[in-house]
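2 protein chains.
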Amino acid sequence: MELLEKRILTDGKTAPGDILKVDNFVNHLIDVEFINECGKEFYRLFGDCNVTKILTIEASGIGIACITALGFGVPVLFAKKAKSANVTGRVYSSKVHSYTHGNDSNVFVSQDYLLPTDRVLIIDDFLAKGSALEGLIDIVNQAGATLVGAGILIEKEYQGGGNIIRERGIRVESLAKIASLDENGITFCR
Amino acid sequence: MELLEKRILTDGKTAPGDILKVDNFVNHLIDVEFINECGKEFYRLFGDCNVTKILTIEASGIGIACITALGFGVPVLFAKKAKSANVTGRVYSSKVHSYTHGNDSNVFVSQDYLLPTDRVLIIDDFLAKGSALEGLIDIVNQAGATLVGAGILIEKEYQGGGNIIRERGIRVESLAKIASLDENGITFCR
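Protein sequences appear in the order of chains A and B. One gets this note's numbering by counting positions in the first sequence from 1 and adding 1023 to each. One gets this note's numbering by counting positions in the second sequence from 1 and adding 1023 to each.
If you're looking for bench data, these hints aren't it; they were derived computationally from the structure. Treat each hint with caution, since some may be false.
Intra- or inter-copy, both count: the list cannot distinguish identical chains.
No farther apart than 16 Å at their CA atoms in a straight line, the calculated lysine to aspartate or glutamate pairs in the EDC-like style are these [said to hold, decoys possible]:
{"hint": "1", "residue 1": "LYS1118", "residue 2": "ASP1071"}
{"hint": "2", "residue 1": "LYS1044", "residue 2": "ASP1161"}
{"hint": "3", "residue 1": "LYS1152", "residue 2": "GLU1206"}
{"hint": "4", "residue 1": "LYS1036", "residue 2": "ASP1135"}
{"hint": "5", "residue 1": "LYS1104", "residue 2": "GLU1081"}
{"hint": "6", "residue 1": "LYS1044", "residue 2": "ASP1205"}
{"hint": "7", "residue 1": "LYS1044", "residue 2": "ASP1135"}
{"hint": "8", "residue 1": "LYS1063", "residue 2": "ASP1127"}
{"hint": "9", "residue 1": "LYS1044", "residue 2": "ASP1071"}
{"hint": "10", "residue 1": "LYS1036", "residue 2": "ASP1205"}
{"hint": "11", "residue 1": "LYS1104", "residue 2": "GLU1157"}
Starting from the given sequences, assemble the full structure and let the hints guide the process.
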């Protein structure tokens, strides 16, 4: 998606340690009108898939998922990283490693809200090694729901997680796919 | 807002310990079309206030804030509960106590994204004792920005946090204000 690639080149910042900061329009300050354009692109890609639910993971996926879900007319379910008094009863859970935060966490969703009849689109901001996406796919499978695919804003393609998942026959659509990232700049996959 | 009160009576669940669970349409599964109606109500209330930014706190505020922000045509800034490699540089921070999770945490926003010229509307899902809202107000004040007010989905009015803040001259608008909550049911303020 050319609009997103341009925005990454304009506003994204690279930092040592393979960091691409997009916290000025994606994951701290959220440019909702821009994200709405990304949501329309997800609808163009998955709008004919009879999606019944959008699944994401807290926290930075939630805004993108909600804006996208408005276009689909379906609810959002977000996987939680900590159990609280607000979530009780039986859950599906999966272990996810965060390379950004440097820790493992169990993420979970209530079994009440993910059903075998659901057709699920996973939405998230980043895909790198794929741990978060693997966890969400695992949860969809535990529920016996149908996975329509995953829509990702920014994939670090060179980290390989997306292609490993694609090789299993899962549709993964990333609006910007980064081929390389270093102090000299950002190159997109062509 | 009658629509929200009705929905709380239909879908909300009370539990011992002053719990009102609305995780089937607000803070786990998110009914985005319903939240969009709440966002329109926030716009009716604050649409003439020249809001430049909507501030919320992760995680459950983000979806409501993003959907509301689409109507205002302004970006969302969400306060984070943990520093990560994605946030660097100087931050405004404030301590917030979560009664739901039973812990204190520092929440923060990057100083780059909250400016003295900003006119800020705070949006959140719940207001009870007011700790999260106090923290966000503190952050707005640290930035020297103008606080337009706070828009809350559900206020537990009997816990008093909202009225303490209103007594300081801050506009707090809650779409549903609960007067009492126990195993016998939910009563709204009239």
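Hint-by-hint comparison with the structure:
{"no.": "1", "hint": "LYS1118 x ASP1071", "result": "neither (31 Å within a copy, 46 Å between copies)"}
{"no.": "2", "hint": "LYS1044 x ASP1161", "result": "neither (28 Å within a copy, 26 Å between copies)"}
{"no.": "3", "hint": "LYS1152 x GLU1206", "result": "neither (21 Å within a copy, 47 Å between copies)"}
{"no.": "4", "hint": "LYS1036 x ASP1135", "result": "between (40 Å within a copy, 14 Å between copies)"}
{"no.": "5", "hint": "LYS1104 x GLU1081", "result": "both (7 Å within a copy, 12 Å between copies)"}
{"no.": "6", "hint": "LYS1044 x ASP1205", "result": "within (12 Å within a copy, 46 Å between copies)"}
{"no.": "7", "hint": "LYS1044 x ASP1135", "result": "between (36 Å within a copy, 13 Å between copies)"}
{"no.": "8", "hint": "LYS1063 x ASP1127", "result": "neither (33 Å within a copy, 39 Å between copies)"}
{"no.": "9", "hint": "LYS1044 x ASP1071", "result": "neither (33 Å within a copy, 34 Å between copies)"}
{"no.": "10", "hint": "LYS1036 x ASP1205", "result": "within (10 Å within a copy, 50 Å between copies)"}
{"no.": "11", "hint": "LYS1104 x GLU1157", "result": "within (15 Å within a copy, 24 Å between copies)"}
The structure does not agree with the numbered hints 1, 2, 3, 8, 9 stated previously, though it agrees with the rest.
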